[in-house]
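J.: As a plain string of letters, each chain reads:
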Amino acid sequence: MSDATSVAVVELLREAIAVYADDPVGRGMLETYARRQEEPLRIAIAGMAKAGKSTLLNAILGEEIAPTDTAECTKIVTWYRYADTPRVTLHPVEGEPENLPVRRIDGRLLLDVGNANAEEVDRLVVDWPSKSLRHITLIDTPGMASASGDVSARSVRFLTPEDAPSEADAIVYLLRHMHASDLQFLESFRDTTAGHSGTVNALAVLSRADEIGAGRIDSLLSARVIAERYRHDDRLRALTLGVVPVAGLLAQSARSLRESEYTALVELAKLERAERERLLVSVDRFARSSQPPDVSPEMRTVLLDRFGLFGIRLATALLRGGIADSTALAHELARRSGLDELLELINGQFHSRAAALKARAALVAVESLLRERPRTGTGALSASLERIQASAHEFREMRLLATARTAGSILSAELTEEAERIVGGSGVDLPHRLGLPDSATEDELRGRALENLRRWRSQAENPLTDRASADVCRIVVRSCEAAVAGIAARSGRGAAVRPLLRPEPGAGSREHADDERDDAEHELRGQ
Amino acid sequence: MVELVKLLEQGIELARDGERPDLCGRLEQTRQRLLDPSIRVIVVGEFKQGKSQLINALINAPVCPVDDDIATSVPTVVRYGNPPSAVILIPKDSANAGEEPVLERKQITLEELPSYVSERGNPDNSRRLMAAEVFLPRKILASGLSLVDSPGVGGLDSTHSLTTFSTLPTADAMLLVSDASQEYTEPEIQFLRQALRVSPNVACVLSKTDLYPQWRQVAELDRSHLDRVRADIRLFPVSSDVRLSAARLGDAELNTESGFPELVTYLRTEIVGKAERLQSRSVAQDLVSVTEHLSLSLQSELRALENPDGTPQLIVELEAAKEKADELRQRSARWQITLNDGMSDLIADMDHDLRERMRSIQREAEAAIDAGDPGPMWKQLVDWLEQRVAAGVSDTFVWTNERAQWLSGEVASLFAHDDVALPVLRVDDTTGVLDPVEVMPALDPGTLGMMQKILIGARGSYGGVLMVGLVTGIVGMSLINPFSLAAGVLIGGKAFRDDKEARLQRRRAEAKQLVRRQIDDVIFQTGKQLKDRLRFVQRATRDHFTGIADEHHRSLADSVLAAQKAANSFTQERAHRIAEIKVELKRVAALRNQAPSIADKQPMRATSA
Chain A
1 MSDATSVAVV ELLREAIAVY ADDPVGRGML ETYARRQEEP LRIAIAGMAK
51 AGKSTLLNAI LGEEIAPTDT AECTKIVTWY RYADTPRVTL HPVEGEPENL
101 PVRRIDGRLL LDVGNANAEE VDRLVVDWPS KSLRHITLID TPGMASASGD
151 VSARSVRFLT PEDAPSEADA IVYLLRHMHA SDLQFLESFR DTTAGHSGTV
201 NALAVLSRAD EIGAGRIDSL LSARVIAERY RHDDRLRALT LGVVPVAGLL
251 AQSARSLRES EYTALVELAK LERAERERLL VSVDRFARSS QPPDVSPEMR
301 TVLLDRFGLF GIRLATALLR GGIADSTALA HELARRSGLD ELLELINGQF
351 HSRAAALKAR AALVAVESLL RERPRTGTGA LSASLERIQA SAHEFREMRL
401 LATARTAGSI LSAELTEEAE RIVGGSGVDL PHRLGLPDSA TEDELRGRAL
451 ENLRRWRSQA ENPLTDRASA DVCRIVVRSC EAAVAGIAAR SGRGAAVRPL
501 LRPEPGAGSR EHADDERDDA EHELRGQ
Chain B
1 MVELVKLLEQ GIELARDGER PDLCGRLEQT RQRLLDPSIR VIVVGEFKQG
51 KSQLINALIN APVCPVDDDI ATSVPTVVRY GNPPSAVILI PKDSANAGEE
101 PVLERKQITL EELPSYVSER GNPDNSRRLM AAEVFLPRKI LASGLSLVDS
151 PGVGGLDSTH SLTTFSTLPT ADAMLLVSDA SQEYTEPEIQ FLRQALRVSP
201 NVACVLSKTD LYPQWRQVAE LDRSHLDRVR ADIRLFPVSS DVRLSAARLG
251 DAELNTESGF PELVTYLRTE IVGKAERLQS RSVAQDLVSV TEHLSLSLQS
301 ELRALENPDG TPQLIVELEA AKEKADELRQ RSARWQITLN DGMSDLIADM
351 DHDLRERMRS IQREAEAAID AGDPGPMWKQ LVDWLEQRVA AGVSDTFVWT
401 NERAQWLSGE VASLFAHDDV ALPVLRVDDT TGVLDPVEVM PALDPGTLGM
451 MQKILIGARG SYGGVLMVGL VTGIVGMSLI NPFSLAAGVL IGGKAFRDDK
501 EARLQRRRAE AKQLVRRQID DVIFQTGKQL KDRLRFVQRA TRDHFTGIAD
551 EHHRSLADSV LAAQKAANSF TQERAHRIAE IKVELKRVAA LRNQAPSIAD
601 KQPMRATSA
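Chains A and B, in that order, are what the protein sequence lines are. By this note's numbering, the letter at position 371 of the first sequence is numbered 371, and the numbering carries on one by one without gaps. By this note's numbering, the letter at position 125 of the second sequence is numbered 125, and the numbering carries on one by one without gaps.
Same shape as in the complex, but just chain A (with noise of 0.2 Å):
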């Protein structure tokens, strides 16, 4: 996002609320985009009921909080901002908001309610000194399709209001399988926020891969087979960034490895293959077996609950092929859960465009107000708008990329994929505009970026090209030209851009983790 465009959103607002000084709800409104402008982007995380959620949540988080249980667990949108002492704040529909005790039960949060009705609470707000909260802010959503339809209902009201634009800036989608009722909720959530700018903003994740394959040791190869299927399924396609497969319970447990349960772990791996295939037949054959004694039966409880029947295969198995500690055992088992390809995905895609996405809502926002309550004085609103979206290169980037992926482009197959790897289909950093590897050195990327230039060029000018396609090959070229920029600042600066939100390492680099991050933000600033 260029600076210009942030600041002329930020003015628009401005004079916009100057404009509806007078009218109470208009100007509460925009003074909360404005807000929004200056808050971490906001993410929301849908599915239907039991789809792994809040246990996704978790692990993004790197800190089991948000609830999870066997039963539907999460009935209020459920929201976790960065702040420096944890407080839970209840936002009634009606009234003031009103604190919460911050009490936890192993680990996790209680968030009782008490005798509050859930229908009366708009929504809670758990504030968390989580390092990973620090740049994004996550919504914890109800399930859809669920067996009480209020609680559906709340979270479909949330996420696709009907008279304003989403308070999602973006969308984590969790499915099992791609269910009806999964695509006719994305569908209802392009048209809603997507249908009024033309973007694309939902990514999917396939949750719960572990189970996809009943458990067995080859289950996360399965799923990446079906995540690859969905990737090229039209309908899903028009819907989303990318399809990743997650197994939501590994990588949450991964992260929160503890010491006795890596004890328990080795103790299991001792044991030989036959006898451990015995054992694992079933869960409740686990947890009644003496077999290996070492481990209690507590223990095997708290490894069937954390890790399940895949984790601990999967565990074993990494113990017997040679991983010697705890540490490498947690990295290994947060690696194949896939979070990490997760994590690259949203920062690729929403991350490094969270200025655009939160400019675009308000943007969307100024447009409704003036549409649905005119007054005089709003012509120069309404051409300042027409301006910072007809000049911004990132709206338009957003936008080609959705026609592309909707309606079809115009262009021929093959360049219509590369036309949507330039514009940032697969993530905006320049290896992934450019299609090298991320460890393509300067010149590599020079070399390419300058090539498509060249050609996109030539394609834009030809005058065989008919006029809708040289549109499409002009806001390509652009995005060249933006590319050709950015690696001669890169090398100028002589220091390498740094995906925002990174896989956490284990304990320990933290600290350091966390400083790369903020010379990242830096950097991008100043561009």
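Do not rely on the hints blindly, as some may be mistaken.
Computed spacing ranges between beta-carbons, pair by pair [what the hints assert, rightly or not]:
1) Leu89(B) with Val302(A): 50 to 60 Å
2) Leu249(B) with Ala328(A): 34 to 44 Å
3) Met467(B) with Ala380(A): 19 to 29 Å
None of these hints come from the bench; they were simulated from the model. Beta carbons: idealized from backbone N, C-alpha and C, even for Gly.
Given chain A's structure and the hints, the job is docking chain B onto it.
T.: Showing chain B alone in chain A's frame:
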């Protein structure tokens, strides 16, 4: 089962001796039904819940293909047969529209089966199979039980769930499979409610308990959901994988742990047993009614013979009863009127119901067309329309079935005898109903080639150039000058924009026209089918009850005749005849007593089809 057949054969013999071919035919039908028992249990559920694996575990053989991705694409029936074999059913193309499609049975080997019924070998059922049947020599299947593996419902292709629904009415029981990863979801509960309307025997299976430590809690939650739907639905937590490894290892304890023994017992006693009980009850009822008919004339004759003085009185009584029975046969009988009136009401109601449903679909489609450009989204719209139409039609047919059953119950209540059997009616099967409906034609997607665009632009600009060129010609400029060219570009652009708008309007109008025509076609074709079926119901009901009235009348007429004959017979013959009749009556009474006592007095419901 064998005893029942033997009893029926005795009954047939008696009826033949009594010269009653009508009763003979009735018992013969019952015997045929009894000789070919088939108890279909359909296994349904959303996809990826372990339906195929459940069947594999039930019969201890990997016949239904399982996969990590969506597996089953064609319904597969597993039933008894020796040696093991498999067939696939393919509809023949030559079948005329509107007629029952002719099915071709093709023998395949068991190994080939996955390539026909799995999503991998036959994606989206592109080979257009109707079903596959597998025959296996297994003890559990020997009593006529057949298990049907269905493609998962709730997926993207609601055609799958429609196929499942259309096969439901033919099933004796349904097993709803849901895995232990989570409690029931809204779509599952909805499916359950809908299924309960069509099939009364529903049990739920909680699968994959080997994988989820919290399955007990999920089972409890499911139990409470089920209680809200209907309290008597059974829930079986099972683990197919454990059962299969138990069979491999020969581990009886593991088998008990898998939860399957209970499910098998349920299938044996509740489903198979219940079907058998129902059958024996219906056999018993048939036998009782036949023996009553037979003994009526015999008894009258006996009474007339033993007590010649009372004969005129007896004949008067019998005549009066015959009169009454005759009334039931008349077209003016009350039940006939009720049936005719009810049926015309029903036809009108169903027609209105179908039209109402289709009209609301049409309204929604038109709103969707007005909201955007129908060109690019035409395919989606057609898919949506087809799904909605199919669902609407299926709803109408299910309702029709319910109402038809109710009507025949009403008619039965007008009969004086208690326990009149109801006709077996099944009109809610929607397979093939929509076949004669034409496929939606394609719509112009609205994209223009370069040439067309230039032509449209040129056509518009031509007028502009000419007009302004002529005016500027007055001041001595040539026809083609900067002003006229500018005007040409301006008007050409406008013409292009206008043309685009006009084309969009035209596309919308055309799309609406197509939708309207399609809906019209659907109403026309399904309306015809619906009326045909209701007429069929009317005829079947009428024939059924007329048959009963005829039997009754015939018995009374025979009795009158016998009594009259008795009055005229000679004394020496009389003693002989009395002895004969007594012997005959004894045989009839013996059969009657043999017929198992009818457990409950509820009227028979048509559950086995």
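J.: Run every hint past the structure and note whether it holds.
T.: Here is how each hint holds up against the structure:
no., hint, verdict
1, Leu89(B) with Val302(A): 50 to 60 Å, "holds (52 Å)"
2, Leu249(B) with Ala328(A): 34 to 44 Å, "holds (35 Å)"
3, Met467(B) with Ala380(A): 19 to 29 Å, "violated (38 Å)"
In summary, the one numbered hint that this structure violates is 3.
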